[in-house]
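Chain A is fixed; fit chain B onto it per the hints.
Chains as they are written, first to last, in our numbering: chain A, 1 to 365; chain B, 1 to 365.
Don't read these hints as lab results, they were simulated from the structure. Warning: the hint list may mix true and false statements.
Stated by the list, open to error - A few chain A residues facing chain B, derived, Cβ under 8 Å: (1) T151; (2) L152; (3) G154; (4) Q162; (5) Q253; (6) L255; (7) L258; (8) K317; (9) L318; (10) D321; (11) D323; (12) C330; (13) E338; (14) M342; (15) T349.
What the hints assert, rightly or not - Cβ-Cβ distance ranges computed for the label pairs, FRET-style: (16) K164(B) to N17(A): 36 to 46 Å; (17) K164(B) to D59(A): 53 to 63 Å; (18) G161(B) to T329(A): 10 to 20 Å; (19) A52(A) to I346(B): 40 to 50 Å; (20) R331(B) to T329(A): 46 to 56 Å; (21) E267(B) to S168(A): 38 to 48 Å; (22) R331(A) to Q194(B): 19 to 29 Å; (23) S168(B) to H139(A): 26 to 36 Å; (24) R85(A) to T118(B): 49 to 59 Å; (25) E363(B) to P197(A): 28 to 38 Å; (26) V138(B) to K39(A): 53 to 63 Å; (27) G41(B) to T329(A): 49 to 59 Å.
Here a beta-carbon is modelled for each residue, glycine too, at the ideal position from N, C-alpha and C.
Protein chains: 2
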Amino acid sequence: MQIAIDLAKSAWGKTHNNPMVGSLIVHQGAIISKGFHEKSGSHHAEINALKAFNETPDDTTLLYITLEPCSTTGRTGACTEAIIRSGIQKVVIGALDPNPNHAGRGISLLEEEGISVTFGVLEEQCRDLNLIFNHWIVHKKTFSALKVAMTLDGSLAASNGQSKWITSEEARSDVMTWRRLFPAILVTQKTIDQDNPRLTSRSSEAVFCPRRFVLNRSLKSLDQYMKYSVFSDEYKHKTTVVYGELASEEAVQKLKALEIDAWRIKESDHGIDMNDFFNRCAEENLCGIFIEAGAQFGTHLLEKKLVDYLYVYQAPKLLLDSDARALGTCRKTSHIDESLQMEGVIHKTFKEDHLVRGFIKKESL
Amino acid sequence: MQIAIDLAKSAWGKTHNNPMVGSLIVHQGAIISKGFHEKSGSHHAEINALKAFNETPDDTTLLYITLEPCSTTGRTGACTEAIIRSGIQKVVIGALDPNPNHAGRGISLLEEEGISVTFGVLEEQCRDLNLIFNHWIVHKKTFSALKVAMTLDGSLAASNGQSKWITSEEARSDVMTWRRLFPAILVTQKTIDQDNPRLTSRSSEAVFCPRRFVLNRSLKSLDQYMKYSVFSDEYKHKTTVVYGELASEEAVQKLKALEIDAWRIKESDHGIDMNDFFNRCAEENLCGIFIEAGAQFGTHLLEKKLVDYLYVYQAPKLLLDSDARALGTCRKTSHIDESLQMEGVIHKTFKEDHLVRGFIKKESL
Numbered sequence: 001m002q003i004a005i006d007l008a009k010s011a012w013g014k015t016h017n018n019p020m021v022g023s024l025i026v027h028q029g030a031i032i033s034k035g036f037h038e039k040s041g042s043h044h045a046e047i048n049a050l051k052a053f054n055e056t057p058d059d060t061t062l063l064y065i066t067l068e069p070c071s072t073t074g075r076t077g078a079c080t081e082a083i084i085r086s087g088i089q090k091v092v093i094g095a096l097d098p099n100p101n102h103a104g105r106g107i108s109l110l111e112e113e114g115i116s117v118t119f120g121v122l123e124e125q126c127r128d129l130n131l132i133f134n135h136w137i138v139h140k141k142t143f144s145a146l147k148v149a150m151t152l153d154g155s156l157a158a159s160n161g162q163s164k165w166i167t168s169e170e171a172r173s174d175v176m177t178w179r180r181l182f183p184a185i186l187v188t189q190k191t192i193d194q195d196n197p198r199l200t201s202r203s204s205e206a207v208f209c210p211r212r213f214v215l216n217r218s219l220k221s222l223d224q225y226m227k228y229s230v231f232s233d234e235y236k237h238k239t240t241v242v243y244g245e246l247a248s249e250e251a252v253q254k255l256k257a258l259e260i261d262a263w264r265i266k267e268s269d270h271g272i273d274m275n276d277f278f279n280r281c282a283e284e285n286l287c288g289i290f291i292e293a294g295a296q297f298g299t300h301l302l303e304k305k306l307v308d309y310l311y312v313y314q315a316p317k318l319l320l321d322s323d324a325r326a327l328g329t330c331r332k333t334s335h336i337d338e339s340l341q342m343e344g345v346i347h348k349t350f351k352e353d354h355l356v357r358g359f360i361k362k363e364s365l
Numbered sequence: 001m002q003i004a005i006d007l008a009k010s011a012w013g014k015t016h017n018n019p020m021v022g023s024l025i026v027h028q029g030a031i032i033s034k035g036f037h038e039k040s041g042s043h044h045a046e047i048n049a050l051k052a053f054n055e056t057p058d059d060t061t062l063l064y065i066t067l068e069p070c071s072t073t074g075r076t077g078a079c080t081e082a083i084i085r086s087g088i089q090k091v092v093i094g095a096l097d098p099n100p101n102h103a104g105r106g107i108s109l110l111e112e113e114g115i116s117v118t119f120g121v122l123e124e125q126c127r128d129l130n131l132i133f134n135h136w137i138v139h140k141k142t143f144s145a146l147k148v149a150m151t152l153d154g155s156l157a158a159s160n161g162q163s164k165w166i167t168s169e170e171a172r173s174d175v176m177t178w179r180r181l182f183p184a185i186l187v188t189q190k191t192i193d194q195d196n197p198r199l200t201s202r203s204s205e206a207v208f209c210p211r212r213f214v215l216n217r218s219l220k221s222l223d224q225y226m227k228y229s230v231f232s233d234e235y236k237h238k239t240t241v242v243y244g245e246l247a248s249e250e251a252v253q254k255l256k257a258l259e260i261d262a263w264r265i266k267e268s269d270h271g272i273d274m275n276d277f278f279n280r281c282a283e284e285n286l287c288g289i290f291i292e293a294g295a296q297f298g299t300h301l302l303e304k305k306l307v308d309y310l311y312v313y314q315a316p317k318l319l320l321d322s323d324a325r326a327l328g329t330c331r332k333t334s335h336i337d338e339s340l341q342m343e344g345v346i347h348k349t350f351k352e353d354h355l356v357r358g359f360i361k362k363e364s365l
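With the rest of the complex left out, here is chain A (with noise of 0.2 Å):
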């Protein structure tokens, strides 16, 4: 099963809004076909796997799926249905359907055709693979999620705001590669004017540029914006202001001269109205975005519990400064059980960094 994710993983980024799915078929004790899922509108993968048999299934054959398989007919056919032509009798499978109204149809359809099915193998990261695709397909809203950089006391900045480097280029090459996962990214006018970058996923192998958001509620920094690489780079076109609806219009106009795709988005009590933003970014079929925030824009995000999940990368480093950045406002808490939870939390170590990654536990706070 580990190899059947890791050939889901080939795509990785790639499939979107579809999930990425990997399997293979284990014939007289050897793997002699594989299949991943490539994109939206390809085959899946246990039929590029089926495809690529060429064999009489026996009783040693085994198909292994990273994902239970559809029961439905859609653009490519009902897995099932292939598999059950197929004549193999021992399907092995990780995770079930994300869909609740779906979830164990695909394995029913399997069994009363009498093969033998074992599911919940490497479950969890099966299921992992997916985080996108599985809220997408649940909620039909998109995947949001929030991504910060600490240090081990939880400064996110020095007190000037200062922010480079706290992770080592390890954790930060993680980074790139969320980025590759997530169709669009967001960060705020803040970060631009701070940092000027680029937003995109730099690896050895190639670069690519998600959709690119800023969020900049009053149009500020706009005399500036052809020096930022996000409104002058070789993907300029990949970049979308945000703005709110009480922004002026001089503002607006002199945008509009930019020549620069811009979002007019609602205003909320706390500036721009995130749902709003959310809803407008699943209009446009947008499945999933990475948030890179800061210390304010992240602690607005999880208190009004706006973000889905959360990527905390630590150093081993305290910054031992009451007055720097840092998540939180001046609520005061007099019970731990007061604080946002998070669930299915996963550790990942990067040399002496980590990352904690999780979802956001909604009914909590």
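Okay, now just chain B, sitting in the frame of chain A:
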């Protein structure tokens, strides 16, 4: 070597001021002899393994030791001599002698006799076995370790001081393991007032009570001492109050009347002079002390680099309260490089919680 490490750990916390060491002999492909160092004054691990070895060494015979054998004749005779006498021709060593003046000498002596020596096998784990001893033997100073528990955003307690419980039972049980390792523990009177802890190490096997120090600079709360566990339980003779030289004579008399062991320590600009306290610990042959601190005392210890080692237990929850108790003073940093750095960092996860531990880099901050 992993088996030898586990053997060494049979004496977890029982070997002070000696190291934990494990040893085994593999003969004709099987482990046929095991030994570990039980306590100061007992045989060294490799001597115990050699004693239990009744075969004639041949080409297949390998002696594993987690720590380089001693080359000086102490109470128990030099281990290098015993190894040479045994006729064993192949020795595998984990960590070198931590004393730079001795490191490698045991290996040289063996090699001079034609014995083949492999060293550095699971070196990091073998060295990590003896955090306390490695420090003590080189510096002749008490190894001081600070433990804090915090939320992912760096809160050690809610804004009213409430801190039960940040971490899970699994993480707290790991704290018990470290309490079992250190011969002494230190907390402030504030912690006693707030939580009335027992400061014992409780496991399914047994209860262990380390030497317990309570920092009470001006001897407050004496009236309530008899209701606190550390001053009234069956281990009360293991509790020592540490007070400052400026404590009132009246309070000192009151303390005397309570018949509680006490140390009078010099004062510095910041309260009790911790270096003076640590010196006194060293004089009394206490090789290591585990300090469980809240935000204020923890900050003091870190800021002044009074501790050698840091344990940070973290839970994946965010209090998001800027007024919560966190580490830090208002020192107005302007660069991340002003952080206190850690080195030799080790990560461990406990389901959703995790521990980051490592040495405080003395030249940083």
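Here's how the hints hold up against the structure:
1. T151: 6 Å, holds
2. L152: Given a least distance of 6 Å, the restraint on L152(A) holds.
3. G154: 2 Å, holds
4. Q162: 5 Å, holds
5. Q253: At 38 Å from the nearest chain B Cβ, Q253(A) fails the 8 Å test, so the hint is violated.
6. L255: Result: violated, 33 Å to nearest chain B Cβ.
7. L258: 33 Å, violated
8. K317: It holds, given that the least Cβ distance between K317(A) and chain B is near 4 Å, below 8 Å.
9. L318: The hint holds - L318(A) has a Cβ within 8 Å of chain B, the shortest such distance being about 4 Å.
10. D321: 4 Å, holds
11. D323: Holds: closest Cβ of chain B sits about 5 Å from D323(A), inside 8 Å.
12. C330: Constraint on C330(A) satisfied, holds at 5 Å.
13. E338: 7 Å, holds
14. M342: Check passed: Cβ of M342(A) comes within 4 Å of chain B, closer than 8 Å.
15. T349: 5 Å, holds
16. K164(B) to N17(A): 36 to 46 Å: Once the Cβ atoms are compared, 44 Å apart, the range 36 to 46 Å for N17(A) and K164(B) holds.
17. K164(B) to D59(A): 53 to 63 Å: Holds - the Cβ-Cβ distance for K164(B) and D59(A), about 57 Å, lies within 53 to 63 Å.
18. G161(B) to T329(A): 10 to 20 Å: 19 Å, holds
19. A52(A) to I346(B): 40 to 50 Å: With Cβ atoms ~44 Å apart, the hint holds.
20. R331(B) to T329(A): 46 to 56 Å: Violated, since R331(B) and T329(A) (Cβ atoms, about 22 Å apart) do not stay within the stated range.
21. E267(B) to S168(A): 38 to 48 Å: With a Cβ separation near 41 Å, E267(B) and S168(A) satisfy 38 to 48 Å, so the hint holds.
22. R331(A) to Q194(B): 19 to 29 Å: 22 Å, holds
23. S168(B) to H139(A): 26 to 36 Å: Once the Cβ atoms are compared, 29 Å apart, the range 26 to 36 Å for H139(A) and S168(B) holds.
24. R85(A) to T118(B): 49 to 59 Å: 58 Å, holds
25. E363(B) to P197(A): 28 to 38 Å: Between E363(B) and P197(A), where Cβ atoms are some 32 Å apart, the hint holds.
26. V138(B) to K39(A): 53 to 63 Å: Holds - the Cβ-Cβ distance for V138(B) and K39(A), about 59 Å, lies within 53 to 63 Å.
27. G41(B) to T329(A): 49 to 59 Å: 58 Å, holds
Checked against the numbered hints above, the structure breaks hints 5, 6, 7, 20 and satisfies the rest.
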